[in-house]
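Q: One line per chain: the protein sequences are A and B, in this order.
Numbering-wise (UniProt numbering), the first sequence opens with residue 1 and increments by one.
Numbering-wise (UniProt numbering), the second sequence opens with residue 1 and increments by one.
One thing to keep in mind: the hints can contain errors.
What the hints assert, rightly or not - Beyond 10 angstroms from chain B on every Cβ pair, some chain A residues (computed):
(1) R37
(2) D45
(3) L56
(4) N151
As the list claims (entries may be wrong) - When the alpha-carbon atoms are kept at most 25 angstroms apart in a straight line, the in silico SDA-like pairs for lysine to any residue are as follows:
(5) B:K163 to A:K53
(6) B:K163 to A:R114
(7) A:K53 to A:A16
(8) A:K216 to B:P300
(9) B:K163 to A:N121
(10) A:K248 to B:M307
(11) A:K248 to B:P300
(12) B:K223 to A:L192
(13) A:K170 to B:G184
(14) B:K94 to A:D88
(15) A:K83 to B:E227
(16) B:K94 to B:E152
(17) B:K94 to A:M54
(18) A:K216 to B:N254
(19) A:K170 to A:N121
(20) B:K163 to A:V75
(21) B:K94 to A:R100
(22) A:K150 to A:R76
(23) B:K163 to A:P55
(24) B:K94 to A:L50
(25) B:K94 to A:H58
(26) A:K5 to B:L64
(27) B:K163 to A:E31
(28) A:K248 to B:F289
(29) B:K291 to A:R257
(30) A:K150 to B:K163
(31) A:K150 to A:A104
(32) A:K53 to A:V96
(33) A:K216 to B:P258
(34) B:K94 to B:D149
(35) B:K223 to A:H134
(36) B:K94 to B:F78
(37) A:K248 to B:Q188
(38) B:K163 to A:D173
(39) B:K223 to A:R171
(40) A:K200 to B:Q188
Calculated directly from the structure, the hints in this document are not laboratory data.
Cβ atoms here follow ideal geometry from the backbone N, Cα and C, with glycine treated the same way.
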Amino acid sequence: MNNNKSLFVIALILIALLVLSSCAFVVKETEKAVLLRFGELVRTDYKPGLYFKMPLVHELRKFDARIQTVDSQPVRMLNSENKFMMVDSYAKFRIVDVSRFYVATRGDERNAVRLLAEQINNRLRNQFGVRDLHEVVSGQRDQLMADITKNLNESAQKDLGVEIVDVRVKRIDLPPEVSESVFQRMRAGRELQARDHRAKGQEASERIRANADRQKVVIEAEAYRQAEELRGAGDAEAARVYADAYSKNPEFYRFSRSLTAYRDSFKDKSDILLMAPDSQFFRYLKDPEGK
Amino acid sequence: MAWNEPGGNNKDPWGGGNRNNDGPPDLDELLRKMQQKLNGLFGGKPSPSDEGAPSGGASFPWSLVLIVLAVVYGLWGFYQVDASQSAVVLRLGKYHETVNSGLHWNPPLIDNVTKVNMTEVRTERTTGQMLTEDASIVDVVLQVQWHIDDAESFVLRVADPLKSLQEATDSAVRHIVGSQTLNGVISQNRTQVAAETQSRLQEYLDLYQTGIRVDVVNLTDAKAPREVQDAFDDVVRAREDEVRLQNEAQAYANQVIPVARGQAQRMLEEAEAYKARVAESARGEAARFEKLLTEYQRAPEVTRERMYLDTVQDVMSNTSKVMVDVEGGNNMMYLPLDKLAESSASSANQRPQVTPQVIDEISQRVINQLRTEANNNNRRAREVR
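Using the sequences and the hints given, assemble the complete structure.
A: Okay, here's the thing in structure tokens:
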């Protein structure tokens, strides 16, 4: 009897819990929710917390309330110079008006992402079409992005209930056929530098060598001058000494010196002398008095 | 279905911290609630803690089960947060608090706890070819070290913080590289590139509310693309060549100049030696002459005669001589030229075999001889002067 009653109670409780569990729901901090009654929006302003609904009558739809990404594929775009470039971009967005978002996308977030991607693509194409490579790569990148973000945000808020936090170009690449010519240009630039370095090396080398050669010549010339001065000084000293000594008796000097000269001149037996004996040289050979 | 939304049907992408929601909670919760209802139904029954329950066998196990369930629920709510972690607590889906390290208790199923590691420094890498301001292409490897700075933002504000980081890094580094020249990226401005990338990246991450703080950005590698690497290498080689050529020239200079200085010194020393020799020999000869002169002056006639005869004797005994008194007029002279020739040639004839080499050698020797004699004569002449 008691056991039967307990079983009944348990069954009752189970049913009650099942009903309750399909009534209660939690909206998390990271979510936004809309409540539909037979397909009609009845409530969209959920703060995070615990809520109840009528099963079967109400339908609940939840969306991610966090900042999400639209990551588009790299796209070929023409720039103002009529050259192609590969542009890869992404955008960050957040649902701000969930009812508008639900209506615009019929509850499918992928729709929103696709719509945004198309719009971003379109705007990038427009912006890139009027600028050259240099402008989009460096000069006006920030401004371009800010323009697109602002512009897109206005329409997206109105149409999709979505706030565009940021639109960024991830990468701008050149298509392969253009890359090759860039590489060629880079290579040419490097060759220029290499030649410049080598030529400068030769210049410096030549300069140093020439300088060394000049120094060598100058050093030797100076040394020659000094050497000649020294020799001259020696000669002068010698001449002075000779003059001092010989001027004491020039006539005897002439005599004795001549004798020495004769001796030296006829040192060898094979010498042959043929000359007029009255030449000045033989003055003393004829006559010791030199008359 | 929404009833167990915080528990079993877990869509949280950031993982971790879900321990509380795993396993059997649904069943336990069910039993617990059942127990509560049961108590309500029995109205006047004593509280489950009352030991002395009189209502017999049927109600006793229920209160025991109730107690066990309460204890399990209580224990289940405890969790530990490591020193390196923070935990974000959602109460019924609403942000409640962020707790730091220690032992904590939150009611299970009502609160959702997500733990994140706040101190671990993680690394994000990006590589690729990027365009520079001068429309060149550069290969860049960039490393970003980061940690979670704001757990609440990291968990709640952005759908995929890691992907956001990757995208922001890609965008930021390309932006900065795009505003630098190739040389700037490769060499001069590397640190600047890293620093600017870091500040720009942080700006983006803050805008996307990722709760990520970038510690440091390293420009690990920035070099010319493989396609043109050889040309860049050649520039490096050329730079080396430049230095090498200079060094070689300097080496030449370092050799030539000291040698020249040495030779110059030699010239000077030789000149000094000459000077000393000439002066000293002059002094010597002068002294000799003066000594002789002193003696000569004592007896000039005799000395003169003696010197004369000595010399004439020496000379005459030494040489073949022909002396012609041209003043003598027309008388015929016979000069024994054949004999003279013979005597002068005799030295040459002594050699039995005369080959061209020998003749060359001899002529060379004769030339040398003549040269030295000429030098001697010159010197002598100079001495005479």
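Q: Need the list of violated hint numbers for this structure, in ascending order.
A: Of the numbered hints, 5, 8, 14, 23, 37 do not hold.
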